[in-house]
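S.K.: Each chain is listed here by its residues.
There are 2 protein chains.
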Amino acid sequence: MEENRVIDITTGSFEVHKVVSPPHRSTLLKLKNRLKETFFPDDPLRQFKGQTMKQKLILGAQYFFPILEWCPNYGFNMFKSDIVSGLTIASLAIPQGISYAKLANLPPIVGLYSSFVPPLVYAVLGSSRDLAVGPVSIASLVLGSMLREVVSPTKDPILFLQLAFSSTFFAGLFQASLGFLRLGFIIDFLSKATLIGFMAGAAIIVSLQQLKGLLGITNFTKQMAIIPVLSSVFHTINEWSWQTILMGFCFLVFLLLTRHIGMRKPKLFWVSAGAPLLSVIISTLIVFAIKGQNHGISIIGKLHQGLNPPSWNMLHFSGSYLGLVIKTGIVTGILSLTEGIAVGRTFAALKNYQVDGNKEMIAIGLMNMVGSTTSSYVTTGSFSRSAVNHNAGSKTAMSNIVMAVTVMVTLLFLMPLFQYTPNVVLGAIIVTAVIGLIDIPAAFQIWKIDKFDFLVLLCAFFGVIFISVQDGLAIAIGISILKVLMQITRPKTVMLGNIPGTGIYRNVDHYKEAMSVAGFLILSIEAPINFANVTYLKERISRWIQDYEEEGAKKQSGLRVVVLDLSPVSAIDTSGISLFKDLSMALEKKGLEFVLVNPIGEVMEKLQRADETKNLMRPGVLFLTVDEAVGSLSSTVKYQLPEHV
Amino acid sequence: MEENRVIDITTGSFEVHKVVSPPHRSTLLKLKNRLKETFFPDDPLRQFKGQTMKQKLILGAQYFFPILEWCPNYGFNMFKSDIVSGLTIASLAIPQGISYAKLANLPPIVGLYSSFVPPLVYAVLGSSRDLAVGPVSIASLVLGSMLREVVSPTKDPILFLQLAFSSTFFAGLFQASLGFLRLGFIIDFLSKATLIGFMAGAAIIVSLQQLKGLLGITNFTKQMAIIPVLSSVFHTINEWSWQTILMGFCFLVFLLLTRHIGMRKPKLFWVSAGAPLLSVIISTLIVFAIKGQNHGISIIGKLHQGLNPPSWNMLHFSGSYLGLVIKTGIVTGILSLTEGIAVGRTFAALKNYQVDGNKEMIAIGLMNMVGSTTSSYVTTGSFSRSAVNHNAGSKTAMSNIVMAVTVMVTLLFLMPLFQYTPNVVLGAIIVTAVIGLIDIPAAFQIWKIDKFDFLVLLCAFFGVIFISVQDGLAIAIGISILKVLMQITRPKTVMLGNIPGTGIYRNVDHYKEAMSVAGFLILSIEAPINFANVTYLKERISRWIQDYEEEGAKKQSGLRVVVLDLSPVSAIDTSGISLFKDLSMALEKKGLEFVLVNPIGEVMEKLQRADETKNLMRPGVLFLTVDEAVGSLSSTVKYQLPEHV
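As you go down the protein sequences, you meet chains C and Y in turn. Final position of the first sequence in UniProt numbering is 645; the numbers increase by one with none missing. Final position of the second sequence in UniProt numbering is 645; the numbers increase by one with none missing.
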């Protein structure tokens, strides 16, 4: 394999294009552009361009209140669809609301309050047509567990409730601020892998908590992690109630079966959508008939009739719990925002309409702030109920209004009916709902594509089930960011070779036909160059040169020119500039030529400003393409194409 | 400017090169490669390749004890040079050692102890030939201020000393571990801009602290920030001692003058190098002669004669101060490491020899660990003394041994002479030494090249002088990393156009001659694609398409093909892969073709693994160059070259 092919090229025909500096723009203009890309990448003012004043006012009002957009064209046919979907999600929202409130260690009725006011607020402000708003499992779990670490919900229920509403207020404030300050990209730091691992872990933690209800245990542990919960379950084996277990098992099987049917045949969505309410009704009737509460089956008990009482006087804006509620607010705010935005975007993509992330954040945030003053806790768009809403044919946010009205009727007139509802059926409903959060095919897909992402997933998963919900999340986010930083600290440098018969240069490790050019070491740096990687790049490039020289010594072909292809270098800082200066000096000492290819605008500008001696910017150092650099510098040499070094 | 040029091209001649996937490598091999690039970018085992066992042993011993490398060839001529440079840095090290120990709130003699044992250890283990080892100003300042926040050095001097030695031990342990675990790149996160701002701020803080000595104030504030210090200075105006001020002023002028001479004429380095010792001698004689201690001039007082006492029994490895000493150790460890490594690299580059960063870290770390057991506090290579060492012609680490012996002689026999040395002259020595840390030309250069880096510099500077030394540093590092993360969250996408008459495609904003091709939107994504920027990229690309379509509507030329040039995309994760799937679906709905150009190895592999439907990998979607994509897809169209859109 040592044969060296030698090709003659007519070097006279080489036309070399000049590398120019980009058109001058002032620092202010650059700052403006960068701020625009950072905060307004979606260009929200685009639609206002070239409109009359009146049009602008109408568009502005529609921008802030999307209800004004669809309301004027709202017709009876749409209303029919929204009635159906609204009633469907109400039949889910009522049992789930009660269940999730219990998950958050709150009185069950707070779950219904939270399914009444917030959906009405969202209907006015929200721009998604499919979002079904209300309490969700993960935010409920996190809210409940974070607050319970400090305050006991059984010993001090009023304080606990106050802290829950205060956390909801701060969650809403945080969400609305993110949207208002256009910092929505913060939720982008929750990568898909993190979320999948986190949700699967949370689903397991939530399900384990339900063992209390499903087994009829009365003295259950207050901890959340898997080990203390399981040990608590087996230490209280004498408390297990066979009546409760039997009932729980039956309803769990029924619910899982209907869920399976609903998933296999989307047209039968109403089977799985109606099953929870049906279970509640049947189980309530059974308990009432057999007086189950006397046979070890625990029931919800008496619920207060009537609409949401005001709760602004319960909010804590000072005192020793302020830090706790702000922290809880931020964590639950981010989690519920992530779910709400992801759900909104998913269904918007399916129906091909746009959802403005920052606007949605303001809507969800305001909804929670209003909610916190009307006895509601953290709400957002629920993934499972939104899917049902979509399948049931919802057309606009009117379905949320229909749902809210149904909940209102329930609150006003039907509360006594829930008195005998057994807690065990609520546990079965929660388990059925959260089981869908465990997405094994997606986890497998991630394993297949990117092992490191899968590691992040595992960290989130095991962190959540073995340590705690918040810590698992924090660990996973930390690792994700560390990975990105590592990519920057250790950027790839690859050696390019010529694809014979073309002017194309590609990585010699990737394209086996690419031939390195004798006397030329052509390197491509595939990352922005900055303080974090300058030292590494200096070492790595000198190793490339050493390798080339050792290899060359064997073949008796010496290195003459080092070419750095800067096309992929998207940014540079002052430390990066010094890399070129140092390299240029070091290579000059070795008698090697040093050539830069295709610096992009920003890099070019900074090179110019830093290079007072015009050492890097003189002609013969900068080229527009690798091909032109090689062609121009090898004018006196023949191309020699050895096997790839 | 609305003229549209139309060029016919013979599309039949278009040869299209296949995009292939890179050769298969197992996950294990990839992991091995990545670990190697992360931890062994300098390939330290290279020299052992192909050697005999005996050679390997010798090389190995030389690797761990660089003294074995130069000692065998050490000659008398080298020794002559080292004697001169060693005595020169000793004349600096003695007064500076005493001064810096006072800066760290430690007994002056600890500064001399620290200039005796650590340089001997470094001479055996260190690979730099120019480093002059001993206490330095910034680490002394930070050590003293961090410990003083918790323990008073005047009320509890023994405990304070114990904590200082313990912190030194942990600093050394941390430094050696960084080197041993090959995590040296952590210090790369201190960017040049951060360091310049930080050092200038620290210099001002240190100088302000000297006002106590220079003005003869006895009740000085214990805070470090600029405002409390200045207010303390003016509130104690009645304590100012004119004798002290006069003496301080004279010596300060003298020292600054000699410093100026030494900087202007490097050959006269001995003028500035000898000045501090001369000042100490003269001022001591004056105080002794006029009995200055009775005229308000404070003096060092009696110093203990003899060599370093052992101090391993003073180290705290448990107890309530453990957290404090570990934290102080890490912060001072990083700072002193940064200074030592930077100094070593600077002079190695000047004399054209290699300094292995990780090896140096182990050397400096072990030096501090040994130091902490022999009554020495944090030491490293001092920038100013190393420069003097270099100018005085040092050849090897022997100059450190000469210096250590000189300090030893001083400790054994000359200590009583320092009894009458006035504190004011120590203050003047410190001010003269740290004033060199304020590098205004470098700051100006950074302002010129990169405004954001300058902002980082300002944050470090003002953070240090107004808040605290550690917080200023933390803020600056935080902002540097945030900048890098922002670059990732908001990567650049640029539109490419064809440079007429070539197959070259470049940014149309940068190269005014580049023409966009009618019907083609050619975008280049200039960053790795990952979870943090997928949402942004989706929005940004759809805005490009909208812009193009609006522009095109005016010109009645419709968009047909969207080309994504992936050459600069150096990495991708699972979220990034979904971007292509989503884009492909969305563009298909719009009836647009979607084409990818030149995915590099890793991207190609992940695309293949994720793309089960072969939708993205089918022929006609992947091209090796933009030119081939355009040529191949426009086979039925004429090139239309409008003005750049």
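By construction, these hints were calculated from the structure, which means they are not laboratory data. Don't take every hint at face value.
Repeated chains share a single entry, so a pair holds when one copy, or any two copies, can fit it.
[To be verified] Straight-line C-alpha distance at most 25 Å; calculated DSS-like pairs for lysine-lysine:
#1 Lys483 x Lys538
#2 Lys448 x Lys492
#3 Lys327 x Lys538
#4 Lys351 x Lys222
#5 Lys492 x Lys291
#6 Lys32 x Lys18
#7 Lys351 x Lys18
#8 Lys395 x Lys590
#9 Lys49 x Lys538
#10 Lys483 x Lys32
#11 Lys492 x Lys395
#12 Lys32 x Lys291
#13 Lys155 x Lys54
#14 Lys589 x Lys18
#15 Lys512 x Lys18
#16 Lys351 x Lys590
#17 Lys54 x Lys512
#18 Lys351 x Lys395
#19 Lys54 x Lys492
#20 Lys492 x Lys18
None of these values were measured; they are calculated from a predicted model.
S.K.: For the identical chains here, do Lys49 and Lys538 meet the 25 Å Cα criterion within one copy, between copies, both, or neither?
M.R.: Classified as between; 23 Å across copies, 49 Å inside a copy.
S.K.: Tell me, please, which holds for Lys492 and Lys395 at an alpha-carbon limit of 25 Å: within, between, both or neither?
M.R.: Neither, since 49 Å and 37 Å both go past 25 Å.
S.K.: When no copy is named, should Lys448 and Lys492 be tagged within, between, both, or neither for a Cα gap of at most 25 Å?
M.R.: Classified as within: same-chain Cα gap 22 Å, cross-chain 29 Å, threshold 25 Å.
S.K.: Could you figure out if Lys54 and Lys492 sit no more than 25 Å apart (CA to CA) within one copy, between two copies, both or neither?
M.R.: Neither way: Lys54 and Lys492 sit 55 Å apart in one copy and 36 Å across, limit 25 Å.
S.K.: If the cut is 25 Å between Cα atoms, do Lys54 and Lys512 qualify within a copy, between copies, both or neither?
M.R.: neither (64 Å within a copy, 40 Å between copies)
S.K.: Can you tell me if Lys492 and Lys291 fall within 25 Å by alpha carbon in one copy, between copies, both or neither?
M.R.: Intra 71 Å, inter 68 Å, cutoff 25 Å: neither.
S.K.: Is it within, between, both, or neither for Lys512 and Lys18, if the alpha carbons may be no more than 25 Å apart?
M.R.: between (31 Å within a copy, 12 Å between copies)
S.K.: Is it within, between, both, or neither for Lys483 and Lys32, if the alpha carbons may be no more than 25 Å apart?
M.R.: between (30 Å within a copy, 16 Å between copies)
S.K.: Is the C-alpha distance from Lys589 to Lys18 at most 25 Å within one copy, between copies, in both cases, or in neither?
M.R.: neither (27 Å within a copy, 41 Å between copies)
S.K.: Is it within, between, both or neither when you check Lys351 against Lys222 at 25 Å Cα-Cα?
M.R.: Classified as neither; 44 Å inside a copy, 66 Å across copies.
S.K.: As a check of your reading, is Lys492 near Lys18 (CA-CA no more than 25 Å) within one copy, between copies, both or neither?
M.R.: Between copies only: 23 Å across chains, 27 Å inside a chain, cut-off 25 Å.
S.K.: How would you classify Lys32 and Lys291 at a CA-CA limit of 25 Å: within, between, both, or neither?
M.R.: For Lys32 and Lys291, neither the intra-copy (71 Å) nor the inter-copy (66 Å) Cα distance is at most 25 Å.
In summary, the numbered hints that this structure violates are 3, 4, 5, 6, 7, 11, 12, 13, 14, 17 and 19.
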